[in-house]
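Chains as they are written, first to last, in the working numbering: chain A, 183 to 649; chain B, 183 to 649; chain C, 183 to 649.
Treat the hints with care, since some could be wrong.
One copy or two, either will do: identical chains are not told apart, so a pair holds if it fits within one copy or between any two.
In silico lysine to aspartate or glutamate, EDC-like type, Cα no more than 20 Å apart, as pairs [unchecked claim]:
no.	residue 1	residue 2
1	K519	D489
2	K519	E431
3	K524	D477
4	K419	D241
5	K419	D271
6	K222	E342
7	K222	E300
8	K643	E632
9	K644	E300
10	K419	D489
11	K519	D241
12	K519	D503
13	K222	D400
14	K644	D503
15	K524	E498
16	K419	D187
17	K644	E342
18	K524	E632
19	K524	D198
20	K519	E498
FYI, nobody ran anything at the bench for these hints, they're computed from the structure.
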Amino acid sequence: MLHVDRYFSPIPAVRDIARELYQLAAAYPLVCPHGHVDPKLLALDERFPDPATLIVIPDHYVVRMLYSQGVPMEALGIPRVDAGPTQSDPRRIWQLFGDHFHLFRGTPSGAWLSQEFEGVFGISEPLTAASAMRIYEQIEACLARPEFRPRALFERFRIEALCTTDAATDSLEWHRHIRQSGWTGAVRPTFRPDLAINLRHPNWGAEIARLGAQTGQDIASYARYIQALEQRRHFFKQMGATATDHAAETPFTAELSSAEAETVFQRALAGRATPDDVRLFTGHMLMEMARMSVDDGLVMQLHPGSDRNHNQQVFERFGPDRGCDIPLATEYTRNLKPLLNKYGNDPQLTLVIFTLDETTYSRELAPLAGHYPALRLGPPWWFHDSIEGMARFRCQVTETAGIYNTAGFNDDTRAFASIPARHDVARRVDANFLADQVSRHIISLDEAREMIRALTYELVKKTYRLA
Amino acid sequence: MLHVDRYFSPIPAVRDIARELYQLAAAYPLVCPHGHVDPKLLALDERFPDPATLIVIPDHYVVRMLYSQGVPMEALGIPRVDAGPTQSDPRRIWQLFGDHFHLFRGTPSGAWLSQEFEGVFGISEPLTAASAMRIYEQIEACLARPEFRPRALFERFRIEALCTTDAATDSLEWHRHIRQSGWTGAVRPTFRPDLAINLRHPNWGAEIARLGAQTGQDIASYARYIQALEQRRHFFKQMGATATDHAAETPFTAELSSAEAETVFQRALAGRATPDDVRLFTGHMLMEMARMSVDDGLVMQLHPGSDRNHNQQVFERFGPDRGCDIPLATEYTRNLKPLLNKYGNDPQLTLVIFTLDETTYSRELAPLAGHYPALRLGPPWWFHDSIEGMARFRCQVTETAGIYNTAGFNDDTRAFASIPARHDVARRVDANFLADQVSRHIISLDEAREMIRALTYELVKKTYRLA
Amino acid sequence: MLHVDRYFSPIPAVRDIARELYQLAAAYPLVCPHGHVDPKLLALDERFPDPATLIVIPDHYVVRMLYSQGVPMEALGIPRVDAGPTQSDPRRIWQLFGDHFHLFRGTPSGAWLSQEFEGVFGISEPLTAASAMRIYEQIEACLARPEFRPRALFERFRIEALCTTDAATDSLEWHRHIRQSGWTGAVRPTFRPDLAINLRHPNWGAEIARLGAQTGQDIASYARYIQALEQRRHFFKQMGATATDHAAETPFTAELSSAEAETVFQRALAGRATPDDVRLFTGHMLMEMARMSVDDGLVMQLHPGSDRNHNQQVFERFGPDRGCDIPLATEYTRNLKPLLNKYGNDPQLTLVIFTLDETTYSRELAPLAGHYPALRLGPPWWFHDSIEGMARFRCQVTETAGIYNTAGFNDDTRAFASIPARHDVARRVDANFLADQVSRHIISLDEAREMIRALTYELVKKTYRLA
């Protein structure tokens with residue numbers, strides 16, 4: 183069902199070049215520097231659960247689309263916070279998914295899932311209400327076989343490196359387990375200290391306590407807090423991490439003096455942090471993280487601009503990550519100025535910036551990345567990790583920043599079986615972008631051949647220091 | 183003059199598919215759920231006035247473009263607020279229009295007018311300075327014939343339903359007239375209570391008095407005000423309305439307590455509403471309108487983000503709707519949060535959102551519509567109801583929200599004779615959008631055939647509950 | 183190396199029309215109403231310096247891209263503020279440039295430079311690390327020849343008019359020199375009083391003193407200040423100026439009373455202007471400049487929205503214009519309202535607006551320009567003066583404002599030898615834009631022929647009153 187020229191231009195002259203460039207890209211293994219696969223999966227290497235539990239329930243892209251058309255979360259088997267009843271029959275969930283699969287026409291989820299069904303599970307018919315149960319059984323039969331266990335798929339997918347995302351206080355036990363198992367798959371942790379930094383989070387105090395327990399010191403002062411974070415970064419690095427990751431509602435950065443930081447920190451410990459404290463401390467800690475990255479060489483990633491859990495009812499009933507996060511207009515020029523002025527001229531730092539606000543591509547991010555040595559632009563994120571979204575990114579970024587200030591592709595997914603599909607879509611879009619440029623005589627075919635290698639493999643390895 | 187493949191891609195593979203899909207679309211009657219046609223036109227069914235009075239003077243798209251190039255409003259016969267002299271010879275106005283028709287090259291007005299001239303009036307030459315008078319006479323001759331009366335055109339245009347826009351206190355007498363006339367054309371009112379809600383408007387007090395007169399009660403309290411609005415909605419619904427419509431400078435929503443609302447309302451009655459009162463009351467009333475829609479099933483439309491009457495001189499001399507309304511950057515994620523949190527999970531509500539700020543398509547509106555069951559996205563509005571504007575909308579919305587969270591097409595016009603042209607352009611753009619997706623193997627041709635039916639006919643009927 | 187069809191669509195039907203339209207465009211001489219060429223160049227008509235000093239060091243587009251990839255400014259020979267050592271061997275600078283030329287793939291600098299190398303200097307191989315020295319010597323050999331002197335190139339480039347940018351207090355001695363030399367090349371000054379208006383600038387006081395010296399009066403009052411500016415405008419006009427130019431962080435406009443203006447002015451003279459004074463005075467002076475333009479007929483240009491010298495380290499070490507200016511989100515609808523309400527209806531005024539925020543094209547600028555008689559939209563500016571950037575501009579502006587409310591092309595460059603390349607790229611993009619519209623039957627080929635003439639030659643001459 184999957185057409186060999188899918189996602190390429192229908193203009194024959196472009197399509198033919200795209201096909202050639204795509205072949206160069208397709209030869210490379212997958213480098214996955216940012217994602218949300220649970221390392222436990224690869225540590226235990228058990229068979230995957232049923233198709234609904236594997237593919238429908240945890241995928242917030244899928245869940246939100248069905249929910250938007252009136253399908254209740256309960257009917258999709260989404261676990262309730264109060265542990266109340268939800269649909270527990272995976273076949274009924276899958277049937278509901280099949281009944282509504284037309285909703286995904288023209289969406290990246292549609293593209294990824296179709297490619298996953300055919301490419302990973304060998305399905306040869308479209309998912310519809312009528313075919314749903316046949317396809318369910320076929321996937322179920324696959325999943326029962328040893329060659330569909332996580333490590334086998336990791337190898338079949340040709341994953342060269344897979345980075346997970348882990349809290350600052352994560353023990354990294356599953357990472358240790360993988361390393362000690364003798365299996366050679368390169369699975370690396372990423373240091374994501376959001377909870378330890380976000381003074382507003384109800385569990386911040388508990389996280390600080392955990393941080394203290396893990397680092398063997400009572401985190402009673404800002405200075406100790408900083409030491410503890412440095413210590414954890416060191417541990418992550420020892421465990422193979424090459425990067426950190428940070429979320430924040432805005433990319434606001436600002437430096438506090440040690441005394442100011444201490445004052446805010448003490449107010450937070452006492453449970454009396456103000457909204458202004460929260461904002462200033464986050465802005466300050468982004469600068470501290472840049473400072474530490476200059477020291478320890480961990481690549482810094484920043485993912486700002488999502489209004490998390492916009493739908494309070496869904497959040498209270500089903501918890502986070504159910505497709506209820508909505509982007510916000512985001513400002514980078516002024517917000518990043520303090521950080522870039524202090525650390526942005528230092529090539530020791532690599533800061534990879536992501537955005538959910540496409541208006542910033544040509545207005546702010548490409549001009550910033552086309553100037554500051556430390557800055558690289560991450561690939562189109564989340565809603566924009568799509569055929570048109572990636573095309574817009576290249577079209578709006580390249581003229582100002584070139585391709586060499588971009589960071590290659592991230593699949594950014596927890597859906598392990600979808601990884602090859604996501605990379606394949608990105609490679610096709612990049613090949614098509616370059617083919618279009620060749621066909622308009624903006625670049626030569628020889629240049630395009632070098633550029634597709636950079637976009638597919640070289641830039642991601644260099645940016646994330648995975649060489 | 184009109185090319186059979188107009189507005190389709192010049193790529194043969196895409197054009198051929200677009201042509202086929204367009205044929206499917208063209209077979210459907212026109213459903214017009216939102217517009218500004220005067221119901222009196224269809225009630226009285228008198229002959230239209232001369233070509234200039236029909237086509238030039240009332241069309242703010244046309245007037246603003248000529249004005250931007252130095253043509254005085256007076257020379258176009260725009261009536262003055264002070265009833266002072268303006269050009270009264272329709273032939274001279276039309277000649278001026280012909281002299282400047284080149285200004286509309288590459289604009290939707292150019293496309294609509296050309297199609298209206300040829301499709302409705304059988305004109306077979308382009309409008310220029312030289313042809314202006316010939317074309318005037320030909321249109322004039324048409325308008326004198328009975329088959330160019332409003333009801334005859336309504337039937338010739340194959341309009342299945344036409345919704346007008348009416349103030350909350352409108353008597354709907356012309357709607358009643360149509361219903362009682364025995365003519366079967368489906369003309370429906372839409373409840374638009376902007377004047378009754380906008381405390382800042384100089385005529386708000388008079389509108390409240392009218393509201394009291396019509397509902398037989400003295401609107402001396404907020405509670406009575408709410409009851410009166412509910413009563414009017416009930417009346418509109420009885421008269422065939424299926425929807426309400428709301429304008430506001432921003433989509434800000436916020437709920438006041440009854441006591442707060444009463445306090446603000448009393449200040450407004452006393453003529454002492456503050457700017458903050460105005461803003462809060464509008465935000466509160468949007469939520470009240472959503473609440474009422476959950477109760478009575480009227481579809482709620484919201485059109486925010488226009489800075490009306492930006493040009494004070496023109497407003498004072500010629501009044502509103504002369505092409506002087508300019509869009510504003512608009513924020514939806516935070517502004518709609520209170521309303522969506524309270525009513526957005528309820529499929530009883532359908533809330534159709536419009537925007538003049540295209541940056542919100544991919545950043546805010548598609549993510550919101552791809553999650554909240556109550557939300558649907560209206561078609562590209564006003565300046566963006568154009569060939570490229572509609573293409574951008576589909577391209578930026580579909581990947582996140584799919585097509586099934588969009589609301590089909592609105593012509594949104596007071597220019598009755600332009601209705602078929604507007605729908606035709608939209609159908610062509612949608613057919614071309616889908617053809618491009620088929621040619622890139624993103625969707626199959628069978629899927630595209632189903633989707634063009636949805637975009638042309640099914641979604642608009644379902645969204646506006648016109649089935 | 184340069185393909186005859188470069189930058190045209192790869193669709194044969196479009197490409198063939200584009201080629202025809204481009205031929206019409208290519209026949210016209212170059213009109214350069216806004217740029218930064220130093221008039222001294224054409225006054226003295228000396229040979230250009232070496233290739234690195236001509237092409238690399240002064241080009242902030244080139245410098246920022248190399249800097250973004252870790253090349254130190256010193257290695258590029260950028261002069262230091264402290265006059266400290268930097269690379270002084272132009273061959274080593276050029277080699278470094280060649281080593282990194284791949285960074286410009288897909289960028290307008292890449293397109294301009296390739297075209298300049300081949301078109302101006304006859305280079306027939308791509309710039310690479312290997313070819314760098316050969317190309318250097320070839321350019322060096324050209325520059326030594328009399329036909330590569332500035333005036334000879336001016337004539338060879340077929341420049342019909344070249345406007346420079348000059349401070350309000352510039353003596354215009356080099357302009358006088360050109361006029362008195364007998365050479366007939368049309369070089370005109372442009373009045374740019376930013377320094378005399380920006381109360382925040384450390385050199386504002388000195389500029390006021392110069393203004394006083396030049397106009398023979400002590401600028402001790404706001405009234406005298408206004409008179410002095412009017413006097414300078416008169417002088418510029420006598421020297422051939424047809425336009426003024428203004429930069430500001432935002433397009434905020436607001437009118438102060440004479441008393442308020444006087445108060446602010448006195449505070450500024452006393453060195454005690456507040457940030458609010460700075461902002462209000464700039465907004466007020468933009469309105470004053472519009473008033474003066476109504477009086478003296480000088481076309482007013484406004485270039486807002488750049489956060490200048492974002493990188494403090496680079497600014498302190500190397501001064502301004504090193505590629506460290508970053509765009510800001512910019513609001514026009516409300517900010518320009520006072521100015522447009524007062525002067526925008528007056529066709530005596532021509533106000534040309536530029537933007538670095540592409541989101542304003544369809545949302546604010548096209549609606550404003552499609553209404554106010556005084557307003558015209560300048561071409562895509564700076565980062566957006568690029569193949570895709572110009573295509574986006576046409577695509578997002580034309581449907582609302584048409585082409586006749588746009589101002590033709592500006593090269594906006596200080597890189598004299600790149601002028602033909604910049605115009606050529608713009609002409610190709612416009613030809614391709616129109617060809618695409620013809621191929622989709624939006625406009626006819628005859629209309630496109632008229633439109634390409636307007637876009638290339640007529641609009642710029644009319645807008646800038648250069649007829």
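Original post:
Looking back at the hints listed earlier, which ones does the structure fail to meet?
Top reply: Hint check: 4, 5, 7, 9, 10, 11, 13, 14, 16, 18 and 19 fail, others pass.
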